[in-house]
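Student: Take a look at the letters that make up each chain.
2 protein chains.
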Amino acid sequence: MAKVLTPRGENYSQWYNDLVLKADLAENSAVRGCMVIKPYGYAIWERMQRVLDQMFKDTGHENAYFPLFIPKSFFSKEAAHVEGFAKECAVVTHYRLMNDPDGNGVVVDPDAKLEEELIVRPTSETIIWNTYKNWIQSYRDLPIKCNQWANVVRWEMRTRLFLRTAEFLWQEGHTAHATKAEAIEETETMINIYAEFAEKYMGMPVIQGLKTASERFAGALETYTIEALMQDGKALQSGTSHFLGQNFAKAFDVKFTNNEGKEDYVWASSWGVSTRLMGALIMAHSDDHGLVLPPQLAPIQVAIVPIYRKDEELERISEVATDIKAKLRARGYEVKFDDNTNKKPGWKFAEYELKGVPIRLAIGPRDLENGTVEVARRDTLTKEVVAIDGIDNYIVELLDTIQKNIYQKALDFRTESTHSVDSYDEFKKVLDDKGGFIMAHWDGTDETEELIKNETKATIRCIPLDQPEEEGVCMVTGKPSNKRVLFARSY
Amino acid sequence: MAKVLTPRGENYSQWYNDLVLKADLAENSAVRGCMVIKPYGYAIWERMQRVLDQMFKDTGHENAYFPLFIPKSFFSKEAAHVEGFAKECAVVTHYRLMNDPDGNGVVVDPDAKLEEELIVRPTSETIIWNTYKNWIQSYRDLPIKCNQWANVVRWEMRTRLFLRTAEFLWQEGHTAHATKAEAIEETETMINIYAEFAEKYMGMPVIQGLKTASERFAGALETYTIEALMQDGKALQSGTSHFLGQNFAKAFDVKFTNNEGKEDYVWASSWGVSTRLMGALIMAHSDDHGLVLPPQLAPIQVAIVPIYRKDEELERISEVATDIKAKLRARGYEVKFDDNTNKKPGWKFAEYELKGVPIRLAIGPRDLENGTVEVARRDTLTKEVVAIDGIDNYIVELLDTIQKNIYQKALDFRTESTHSVDSYDEFKKVLDDKGGFIMAHWDGTDETEELIKNETKATIRCIPLDQPEEEGVCMVTGKPSNKRVLFARSY
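The listed protein sequences correspond, in order, to chains B and E. Position 121, counted from 1, in the first sequence is what the working numbering calls 121; the numbers after and before it change by one each time, with no gaps. Position 349, counted from 1, in the second sequence is what the working numbering calls 349; the numbers after and before it change by one each time, with no gaps.
Think of the hints as simulated: they come from the structure by calculation, not from any bench. Please note that a few of the clues may not be correct.
Same chains, same names: a pair is fine if it fits in one copy or spans any two.
The calculated BS3-like cross-link candidates involving lysine-lysine, where the alpha carbons are at most 27 Å apart (straight line), are [as the list claims (entries may be wrong)]:
#1 K343 - K133
#2 K343 - K145
#3 K428 - K453
#4 K343 - K57
#5 K325 - K457
#6 K113 - K87
#7 K113 - K77
#8 K22 - K133
#9 K348 - K57
#10 K336 - K348
#11 K325 - K343
#12 K255 - K409
#13 K428 - K457
#14 K336 - K145
#15 K255 - K22
#16 K145 - K348
#17 K145 - K325
#18 K145 - K404
#19 K22 - K57
#20 K336 - K57
Isolated chain B, as found in the complex (with noise of 0.2 Å):
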C-alpha cells in the first residue's frame, strides 16, 4: 500500500507534519496558531496527566484554580519577568458585543472598554503570588504547594502542532516556602520527578541540568530542564523547575512571620510541563510506518484483528478475542477487538502501526486449529507465532519488554549522538555533519554563548547536573573551564 508519511530521511519536519495528522492526533484550527487536540491525541495526552498528577500528589502537591485573566499591570510587578512575557499576548479590551448598526452581524461595542484590559494568562506567577499574598501571615502557612492544570497563551508568529502553538495545555506548580533551602529542595525535587516521568513512561532519556542565565526563565534566580534528543540531532526542551527566590513575593509584597517572630519575604518556586511533551514523545520513537508509543501511555496497548471469510470462523475467533480481552482487561491493559467488517486486514494493519499501538494480534481458522496467534510488536516490526493458552501473562510481559526495548533505542541513540568536541572548528563541523548532543568547554560568559549561538544556531541546552569536573579552556576564547556544557540546535 502507498505510504502516508513522509520518510524522515526525506524530510523529517514534513514527517512530523504527516504523523500528528495522519495519525489523528491534533490539526490546525480556524484560529490562528490555535490547534484541535483530536480524541486520539487527547487520550494520549490524559494518561500523562495522570500518572503527572499522582506523582505531584504523592510528593505533597494538592490541584487548585486561578483565573485565566491577570490584570495588565501585575505585569509591570516583576521586572524581569515582564521583559520575559508582557509582549506576545492575547489582550482583552471589551466585554461586550452588540449589533452591527449597518447589519453585518456583530461588533464590538465601544461603550463596553475595560478600564484595565487583561491579559489572558501566558503563565500565573503574577496572579498566583497576588493571591497568596491573602493566604500567608505566619510560617504556620507554609510551606503552600499547588498545582494547576489549564490552558495559556503565547501569541507565537510560527507555530507548529504541540512543539509551539498560540494557546496550550500545561501544568503550572507554584509553590511558597519559609526557607531558601526548603525553595531549592522543592525545584530540585520537581525536576526530577520530571525526569522520572519522561524516561519511565515516556521511555525518553533526558539529560537535567541548569539553565544559562540568558535561557532563564523570566523572574527565575535558577532553571532547571530536561533536555531529550529528537531522531534529527535536534534538542528538545521537555520540562523546567525554577527557583524564584524572594522576586515575585517582593513584587506582591508577600511577608511571613517566621519562626523566631521576624519578618521575611517569602521563597518560591514554580514549574511545569505542557502539551508539547506530546511532540517529544512522537518525535523521539516514531518512524516511516506511523507513530510508535510505549505501552505506559498508549491509549490502546493490544489491538485484536480476525482473518476470517466466513461469518461462521469470525464467530469462533470472536470468542477467543473476546476471552483474551477480558483477560487483560482485568489486568488493567486496553485491547481493542477490531471487528470492523468494513476493512481488511491489511487496512487494520497499516492503521494499528500508524497509531503507534504496541502489540497487535491477529487471530485466524488456522490459529483457531493450533491454539495459536500471530502476536506483531510495533517497536520492532517483527512477529511471532504464540500460544493462546497463558497468552495473558506473555502479553504482560512483552508490553513491559517494549517499554524498556524503546527507552534503550532512545539511550542508544543519544550516546551515539552525544560528541565531545575540544575545538570551535570540531564543534561547528560535527555541528553541521552529525548534529546531536555536543559536550564542549565554554568560558561561562553571556557574550561567547550569543556569539556561538548567532554563528551557529546551536545553544547551551544546560549545565549538566552530573558532568564531572574538568579542566579545560573554553572552545572559542581559549579562558578557563571547570566542566563542560551541553549544546545542540534545538526546538
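For chain B, the structure is supplied; the task is to place chain E on it using the hints.
Tutor: Structure of chain E alone, referenced to chain B:
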C-alpha cells in the same frame, strides 16, 4: 466556641458566602467576577470530574480539546445562538503589549490590532461545528461523540462564587449523528447520566424535564434540564442537555452522505455541567456548622483526632490510628490522622465539621483501654462508641448509610416543599409563605409564562418528564392544560 457562619435562618445568602470562604472552597480574585478555586474546593470538583468522566467514557464518549478563542464572525452564523451568547463576552482585540513611552509599565501596542476580534468561548458549538465540517463526509464517520473539559467566560454583571462567575470550569459534550432519532436518544441519555450523577453521587434528588421555548439554550430545538431544590426553597438548574436539530450543521455547512447515498445535514446534541454543581452541592446539604459532604465526593472521608495529654499516649493512639487508616486506604477511602500538636481537639472537631468530613473518629487513652473509638457522624451530628475490632467494616457500612441518609433527607425536604396549587392566588401565597417547588397548570403560552415571571419572579423550571397527564385549566388564564409544570424561584 463562636459560630463562624451566619446561621441559615438569619441570612441564607450570607451563610452561603461565609461557608464557601470559611471552608476554603473558593474566593474572589483580583479579576472582577473570576474566582480562585482553593485546593479543598478543587478536590471536590476533581472527584466530580472523575466520576462524570468515567460515566461519559462508559457511554462511548471521548475527550478532545478545541480552541479557547472563537472568531467573532462564527457567532453570527446561527441566528438564535448569536442573540443568546455573543453579547456579554470577553473580546480579544490585540496581541501585543509594549513598554509605555511615558515609562508607566506596559500598554497595548496599537500596531498589534487583530484583523478580526476573537471571543473567549462562552460555549463551543460554533468552533466545534466548524471543525466537524472537516471530520464528516459519510455516515461511516458518524456518530462523533466528543467531550471537552474546559474553562469558559460569560461576562456576568452580578457574580456569586460557584453559582455565577465570569469564568467557570465545565465540561461540554458535542455529538454529531446521522439521524434525528439518534441525536434525541443521545440528548436523553446524557440528561439521565446527569440525573444519576446528581442523585447517586451528590445525594441530590433532581427533577428531569424539558425547558419551555423561552428558556431553551440559544440554538436548541429542545433543552432537557435537571432541577434541584435548595434548602431556602429556591430551584437550581444543575445540568442541561440540548437537542440542536440540524441548526449548527446548517450554520457551518456540515453535510454527510447517508447509507442510501443521499446528502443530508448532520444532527447534533450538546450538554454540560459546570462548577455551578459545587454551589448546588453546598446548598443542598450543608448546615449552620458547615459543609455536609456525601462520602462519594468528600476529599477526606474519615478524620481521626487523637485525645491525649502525654506523648506516650499519643504514640499508642498513633499506632491504632495508623492501622485503621491503612485498612481503610486499602479499600479506597481517604483518611486523615490529624496529629498536629499545635491545635486542640476541640478546634479540630469544629474544623472537620466545617469541612464536612463525613465521619470523625476520636481516640483517647480510655478508648485504648476499652478497645473502642468514638465515632461521630457529620450528617446527623450524633456520636457513638464502637469497638476497634472490625472498625473498618463498620466505617465502610456507615459511609454507605450516610450517603443514603443525605439523599433521603434532601428527598424528604423536597417532598415536603413541593406543592400542587390550582389558583394563581394560592400560587402567590405558597410562593411567598413557603417557597419550594410548585406544580401548577399553565396554558402553554410565552405570554402567560412571562406574566407570571414578572409578577412573582417565579419561572417554569421545567415540564417534568414523568409528570402524569391530567386535565386542568391554566391558573392564570383558565385555558385548558393537560399537564402540570414545575414552577419555582431560582438561582
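Student: Against each hint, give a clear statement of whether it holds in the structure.
Tutor: Each hint tested on the structure:
1. K343 - K133: So K343 and K133 pass the 27 Å test across copies only (24 Å; inside, 60 Å).
2. K343 - K145: between (51 Å within a copy, 21 Å between copies)
3. K428 - K453: within (11 Å within a copy, 78 Å between copies)
4. K343 - K57: For K343 and K57, only the inter-copy Cα distance (25 Å) is at most 27 Å; the intra-copy one is 44 Å.
5. K325 - K457: neither (50 Å within a copy, 56 Å between copies)
6. K113 - K87: So K113 and K87 pass the 27 Å test inside a copy (21 Å) and across (13 Å) alike.
7. K113 - K77: both (24 Å within a copy, 25 Å between copies)
8. K22 - K133: Only across copies: K22 and K133 sit 17 Å apart there, 48 Å inside one copy, limit 27 Å.
9. K348 - K57: between (39 Å within a copy, 23 Å between copies)
10. K336 - K348: within (12 Å within a copy, 50 Å between copies)
11. K325 - K343: This pair counts as within: shortest intra-copy Cα distance 21 Å, inter-copy 53 Å.
12. K255 - K409: For K255 and K409, neither the intra-copy (50 Å) nor the inter-copy (46 Å) Cα distance is at most 27 Å.
13. K428 - K457: within (10 Å within a copy, 77 Å between copies)
14. K336 - K145: between (39 Å within a copy, 18 Å between copies)
15. K255 - K22: The answer is between: 22 Å across copies meets 27 Å, while 52 Å in one copy does not.
16. K145 - K348: between (46 Å within a copy, 22 Å between copies)
17. K145 - K325: between (41 Å within a copy, 24 Å between copies)
18. K145 - K404: neither (33 Å within a copy, 35 Å between copies)
19. K22 - K57: between (35 Å within a copy, 24 Å between copies)
20. K336 - K57: Classified as between; 15 Å across copies, 31 Å inside a copy.
Checked against the numbered hints above, the structure breaks hints 5, 12, 18 and satisfies the rest.
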